[in-house]
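A.B. asks: Here's the letter readout for the chains.
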Amino acid sequence: MKVSRLAVKELRQFARHFELTALEPGLNLISGANETGKSALVRALQAAFFERYSTKSVEDLRPWQDPNAAPEVQVDFEHGGLDYSLSKQFLKKPRCRLTLDRQVLEGDQAEQHLQQLLGFSYPGKGASREEYWGIPGLLWITQGTGQDLARPISHAHGFLRESLSQGMEDLATSGGDRLIDEIAAERSTLLTQTGKQTGELKKAVSEVESAAAVLAETDRRLSQSSSAIERLGVVRREWQEHESARPWEEAEQKQARAADQLHEVNRQRQQLVSNETDLNRTRRERQQLLDQLGQWRDEADQLESRARRVAELKTRQEAAQAEVTVLERQVIQSTSALREAQAVLARAEAQKRRRELEALLEEGQLALEHARSQVERAREVSEQRRQLAVRLTGATLDSNRIDALARAEEAARESVVRHEAIATRVRYRLNPGAAITVAGQALSGEGSVTLTESTRLRLGELGEITIEPGGEDLVASTERVQAAEQDFDRLLKASGVSSVAEARQRLAERQEAEQKITWLDQTLEDIAPNGLQALIAETERRQRRQQSARAELDELPEDRDLAISTSDAQDALELAREEASRVEAKRRATRDEDIAARTELDTAEREYQGLTQRIEDPDRRARQRASQDQLLQLSAGIEALEQSLGRQRAAIEAANPQVLQDDIQRYARSAENTRAAQRDRRTEIARLEGALGADGAAGLGEHRAEQAARLERLARRQQALELRAGALELLYQRLQRKRSRLVERLQAPLQRHVARYLRLLFPEAELTINEAFQPGKLHRNGLPDVDFAALSFGAREQVGVILRLAYADALKEAGRPTLIVLDDALVHSDRPRREAMQRVLYSAGHRHQILLFTCHPDNWADLGVPVRSLEQLKSEAGG
Amino acid sequence: MRFSVPRFIHTADWQIGKQFGQFDHSEAGVLSDQRINTVARIGELATQVKADAILVAGDVFDMQTVSCKTLHRLATALDSYSGPWVLLPGNHDAAVAESVWQVWQRTVQLPANIHLALKPGVIELQAAGLAVFCAPLTQRHSQSDLTEPFSHYDCGAGLVRVGLAHGSVQGILPDQMETQNPIAADRALTSGLDYLALGDWHGRLEVNTHTFYSGSPETDVFRNNDSGNVLEVQIDSPGAVPEVTVHRTGYFRWYQALCGLRIREDLEQLQEQCAAFDRLAVVKLRLEGALDLATYQDLARWLGTLEARVHALLTDDEALAIAPSDNDLLDLQADGYLAEVVTELKAEQESNAVSREALRLLLQKLAQHQQDVRA
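Top line first, the protein sequences correspond to chains X and H.
Quick note on numbering: the first sequence equals residues 1 to 879 in the numbering used here.
Quick note on numbering: the second sequence equals residues 1001 to 1375 in the numbering used here.
Next comes chain H alone, as it looks inside the complex (with noise of 0.2 Å):
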């Protein structure tokens, strides 16, 4: 008999092994390596809050194959936990006939604590007073509901019952058409579970009161979904509402902005939303609009800080327009024909990226020459 009522941690989506080619080598390399940094993380989160267990929904790898050096890199992070890890195939590392699941087993010495759920069925962990209902994906991708068969599962008395899914509830998950492993949302109540864990959808997302995703531990995508965390999961006793703790366990915190510019206020504005970013933020800006020149030469200088200050930076300028005034071209000495050009790429950079790269590139070398002739 268990004195304690369960408790156990909820993640999913480690996309171990997955890289980042929109980034520079060196910032992509650190990404990659901070996914596996993340799990001893939650490790050492769960041993920290006596947690009974650790559920994992699905994905812990990005892909079929990985290299050695990742998958004891993995087994090692494991050790940050010593009670059970129950990991679950998803579509990206999916039960199939040769699994990463199978190398792994054979490049490491799995430790007893590490339960995978290759195959349908129930996982009963009897110290942890949790029966885990697996539902593991043994192809990418499966057009029945594979929980469907939760309902025949029997386990223990007195175990409380907890389902271990990758997919997507149908009819729940924004801008997702994804028809391929569909999870019936009511499906935590169909076959009488406590509490469902479910993976795939990387941000954090609440199905239902028994119903959860818990989102990738680490933001691996742009998308500003609450991604980044684990749940802490309490059940007093089967039937009983569980009781969910949001933890923040990524370490990198990824920022996508849209800013409209068109004065230098916007561009202030701009600075003091990005003035907190430090090294262990991800960066991305899409800038829009028109801006004169000092304004324009301002933003590039202040872009040059940012980089140097985030972790990384991604700027997407292509919306953004030069527009030099006429106090700027005399300013430049832009007179005569080169005035003539700079008019005219003025008008085709809405259009063509190349006229703006030219508008670009022409202003900043007549800027240049100012500046030697003032010196």
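Looking at chain X on its own, in the form it has when it is part of the complex (with noise of 0.2 Å):
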């Protein structure tokens, strides 16, 4: 398609009529600042095509000034090797009229024709907008939106399509984006993405196993059932059976038998009970024959040795007689041996005892004599501490009492001293010879006299002077010094001294002698601690010792043969003591011995006798001679009746008892285990009678065919299922595919078109398209894919306008017209991308007419083509 004039009149800044000729087929450069109407003519541009003439919704075309204005514009182009001219006037007596060749059409058969052509579609009412301008919204670009890619392609979508699958029709299909949506929403509720089942599918195999297993469980319960039947069978054939044969009763008698043999053996062991009783007391009965025979022997041969005995006993007697008499006088002699030696041992103790009362004596006599000495000292010191105390009674000073005899003295003399201070003083020096009485004292010489009162001086011949010592004080220091005296006096009075010197000297006297009493007590303490009293009656008490000492010495005479000590007579003592006592002891032993040999003989000699008479008694030999004979009948007894027990005991052996008290316990055991088994029988029928009847009455088989037949139905409905499923799937994938391959197909041309300018801008650069003919991922080499939506603004604006060049590659190809209008685009490119942008939109010029308008010529200089200034042009038309 190539625009060749587009004229405008009564058209925003168009008030006047304008238009745009001698358009280029390929690139054309228009050039225009501001507001100089280049905007209001690519306006011109879409109302001419995408307005219905009759809308009242293109007020923005009329010019300001002027409301009654009947916009119109012109446009002549060619496709297809046909001119066509459009001419449309809105508002005002709107018109539309197309002719082509010979063709004229008017108003909407026009503008049918137009949207036919080109790829778009009319609004039903009111102004165009944006998303009826199919393909010619896309190519063209109006001011700042070139990089919006994603809007303008969906609205052109279904035209895109419509005109790239021109070539394909064949594969091109019409609802089959709808029919696989379609199937995919169905197959979405059996399936899952992943092909899982899910839905009412995933529900019918849950029923179907479910349904199977409560068949299984049934199955099972009626499997059982049925063995249950089968043993019910074979126990009631077997009840039966031994209910008939009743094999305990075999076995009982079997018992029955075995008990009788078993009665006749016991009877048999009775009977050697008693057999074996009569054998034992027969054998004791002779047993008893041979002890009596045995002890009649005994007593025979017991005669000769009683005789032997009584002999011996009787020498025995004699020895021991014999001893005792000599034992007798060993008593006598070893009893005189101890008086003796008892004499001696008191003779040395008395000597023993006198040499101690010696010795002690003399001990005695010293210490009484110096407890005399003793008495005799303390008696005097006694009388000298009696004497200093004597010497310490009476006044009595201490420090105080001359310390305030020394304070009284001191506050007289000052008083005294203070008196005179006051006191008048009359110096006098009388001619010689001369002299004066004062206060009756007569006086001569030089001198002078101190007067507290009134005194009367005489002067002889020349009569008295009185002197009256002035003032107040005076007579109360009279009074002052008058008093301390006599305090001073009354102390010296009260202490007993007549100065305060002899008091001190009393005081040092007093203290020497106490020190002294202190002393004498120390001594007297050391010679007589409990007092003189005690001392004396110690002494007193050693004396009276001292005597008594001597008169027991006195008593005790002087044995000067005696030359033994006391511990040797102690010895000997002892020694006699020891041989007395064993003699005695020795004796009193013998002469039992002999009394207990004469007792002995005495016995022995009466059995003696006893036995001899037994052994002569001539009835004690007949029984003799008859037990004897007794004795050889029991031996025969015992012979027989040994040899019938053993025959008896073989009989017994025979016959087993033990073993017939096992057959009892065998048989009667059998016949209880076969009767057990037969109530078992009984017990197993009823039990599983039970059972069965229970399942009969629940009715299982018929709950198991309605089971069987619900799993059926239910099989049914998830192979039903499955089948849907599984067809939906395979629609699902093998549609997609198909669909995927004709999205490739028909976008093959258009990727060789992106390729073609791309490479201008990027060097081996990549651009994805997806089926909705949508930009996807941009791949440069080295570096990373990016988003088309990612990439910078002007970017998308270069990609922008090659996509769109190359979707009118791609419609040029398919036969479609092709308008390319650039509105201010690629403001925001570069120098170098500017740059490669215009060697893209040159190669782009070779097929398809562009209109460039822009307010920056200078950013198209290397274009290659003329720049056409609207200013000039409209300076032109106006010219």
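Just so you know, these hints were derived from the structure itself, not from any lab.
Ideal Cβ placement from N, Cα and C applies to all residues, glycine included.
Check before you lean on any hint, since a few could be wrong.
[Stated by the list, open to error] To be clear about the criterion: a stretch of chain H counts as covered by chain X if any three or more of its residues have a C-beta under 8 Å from a C-beta of chain X, and this derived list gives those stretches:
#	segment
1	1018-1028
2	1054-1067
3	1087-1101
4	1360-1369
Using the hints, put the two standalone chains together into the complex.
C.D. replies: Okay, structure coming up:
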């Protein structure tokens, strides 16, 4: 499609007729500053094609100063070898006319033709909007929208698809997408995205599983039931057989037979026991006989030994008797020796005491004398002390009192001095020989007198002068002096001294005497700690002890012949005592022996006599003979019994009572076992009948059939759903695949065109385009893949232009008209990119008409086409 | 002395308690219930034709344990005839140690006219003039011919000798390789029976002039073997050839058909064939061949109406292919890759059920789209 002329009138800036003519079939660069009507031209082009001539919604076309204007656009263009001329007038007397060749189309018909030709649609009502612009909307980039691709592509999608698939009619399909969507939706009710069962299908499968499980359980119970029935048949038959055969009865008969046999054996055993008792009794009798005979024989044997014993005892007794005599003599001797030893010991002890007393007396005398001297000394000290103590009695003086005396003396002296100080002093120097009397005292020579009271001075012949010492003070002072002196005197008298010095002397003397008394007291304490009286008593006690020791000594005679110590005498006595008791003990023992021997001898003699008599008894001899006969008889009886017993034992042994006992038990058990088994059968029958009765009552078999039927239905449903799911899956996958392939084929030329331009911008770059013709990822060498939407504004604008050019190429190949309008596009491109884009546009200009409006003509200096300035054109038109 | 000739009803294989899983729950329930209703119909028939006895040759019950309700209902159904019923255990309800019969006896107070032939031997029905030689199965399967002892049984003079057994007559039954529970084909002859009433084979079958399978009185499988009847047997005197009358007792009629569908006429023929089916029909159609889209859609619609008309319809169309014509595809606007997919699936459908289903789905959707578009 090539536009050769665009004319406007009464449209925005263009109140009057304006036209762009002689537009090139390739690139056209139209420049114009802002407000010069550049955009108005683009709008006019849009209005010519997209706005219905009859619409009222194009007020924006009207020049603002002319409310009655009728905006008009005319476009002459060529397409497919045909020349078209389109003319539209809006708002006022709206009309539309399209001439092509010799055909003229008016109004709606004209617009119908246009939209089919260019690939867009009209709105039902009102102003046209972007979404109706279709392919031209995509190829016409209005100011500042170059980077926005998604919307224009989606608006053009249907037209693009239709146009681009024209050459591939056999592959394109009308309702394919809708069909795929529907199938996908249905598929998703049965299968998940990944093809797993879900929804109704999943439920159907699980229902089948649970129904199968229920059926299996019922089958299991039925199979149990059926083995129970089989078992019941078997047990019932067995029970019947046993009930008629009654095997326990046979066992019971055998048991009875064995019991009879055992009874017989037991009888034999009792017989045996009685025979054994007889045998034992006979044996005992024989033993008694044997014992009796043996006893008799023993007595005969004893007689001789008894005689020997009597003789022996006699000898022993006589020996004992002789020894007793000897021992009695020895006893007498040992007793006298003992007495002698006792006497010697007494004498030795007396001598020992004597010497002890002598030593005691000597020692006692010395002590007594010392005690006496101590008494004497103590008496002396006591006397000294008494005298000192007497001296100390009387007035007591101590240092306090002396201090008081000294203070009183001082006070008296001080009061005198004070008194004298205030007294009236009379100095006198009398001519030799002259005398005066003062207060009665004659004075001569030179001196002074102190007057403290009214004093009369007798001046002899001259008369007398009375001097009155002045002032009250003197009287008081006089009184004070007197008081002090009285105090001092009183204290002296009380202390019994005449002066302070004497008092001090007396105190020193007293302290000395006290010290001495202390010393004497210590001396006395040493000599007589318990006092003098105690010391005297002690001395007297010693004296009495001396006297008693002396008395004792006097009673002990001196034994000068004795030369043996007491200890030796003691030892001798001890020996004598032992000898005496030993001899006495032996004598007593020997005597006892003698007595015992006599008794024993007597007994032995009597026994001997008795035994002799018994043995000689004729009756006893007769009994002895009878016993021997009886013995023979008993022995024969025993032999017979033993033989009989042997036979009986053998018989019992042969009958084997233990085995019989076992048999009885065995047969009894056997009978009981068979009976118990029969009882068990009865029980089992009842149990099985009970269980089966319950199953039967529950109608298990019918339930099973119902469950099986249910499973069959559910399985059928599952199968149907599976088949449906399978079919949906198959359709979905296959249609998807076909569709993808188709899209690939549709896009193949588009991709080729994109590649051609893209490489001019980014060497070796690739851009994926999805089935909705939208750009996907941009791949560039050495850079990570980037989504189109994530590219920079400038890059998006550049790629946007490139894609549009590529669509235009593809559309052109499909024989569709292409007109590319760029209104101030690519203003965000830097110089190198703009350079590249100029290359791109120049290349596209070979195939398409491109109207490039710009307010920056300098930017497009290298486009290789002349710039047509709107200002210039307008002025030309105006001129 | 009897003054009339003995006449009795021979029936078998009631299979009470049988369930039908191949049908929907409600349809199946009705079929199960009907088996008991049919027993009542047999009683009514016997009363009507003045039969002297009803002999049931085994498989009264379908299983050894049926619900109390079923037992009661069956007992009630037997009230429809006051003459003697002789019920023989078959392989499904063998007189095992603890069988459905004992449960029945315990659960229901059975009246005196119900004779349970639980043990081999002769049941003499003096009033009916019949001696019934019974060969009950006492276990599910027997390898020996249980009718063999019939030769040794005695019965009162003047009674008609009728054998009652359940099993397979050797070498007679079609497609039956059953060697269980064998019965000698000449048993009636060798044991001097006037009639041998057999059960086990669910269809009606005459083995010889004295030996019959009555078949099940109510059909329970799709097999065109003339089931759904009972036999009225009249024997003029001992040794006479029995006079056998067939009475239809089946309530539901079971049909099965295998239809090859290639062209529209085939469908029309099928429709004609099924025209008479009503509420009492149980139908199974196995469809083969291939149909163009329009005919296929017609078939589907027609099957819908048929299903509504009959008691139960089972359709097996796995072997039926859809062969949309080029015109079909054009109509459906199945162009581009859709057409390609249709073509692929069309080729695959013979060998792959999933492909066939997918094709159906796809075409159904396309047709739906077209309808939407037209609307």
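A.B. asks: Report holds or violated for chain X covering the segment 1054-1067 of chain H, Cβ cut-off 8 Å, minimum 3 residues.
C.D. replies: Satisfied; 6 residues make the cut.
A.B. asks: Mind taking a look at whether chain X covers the segment 1018-1028 of chain H? Criterion is 3 or more residues with CB to CB distance under 8 Å.
C.D. replies: Held - the segment 1018-1028 of chain H has 8 residues with a Cβ nearer than 8 Å to chain X, which meets the minimum of three.
A.B. asks: Three or more residues of the segment 1087-1101 of chain H near chain X by CB distance under 8 Å?
C.D. replies: This one holds; 5 residues, not fewer than the three required, reach chain X with a Cβ under 8 Å.
A.B. asks: According to a criterion of three or more residues whose C-beta lies within less than 8 Å of a C-beta of chain X, is the segment 1360-1369 of chain H covered?
C.D. replies: Result for this restraint: holds, n = 6.
Violated hints for the displayed structure: none, as all numbered hints are satisfied.
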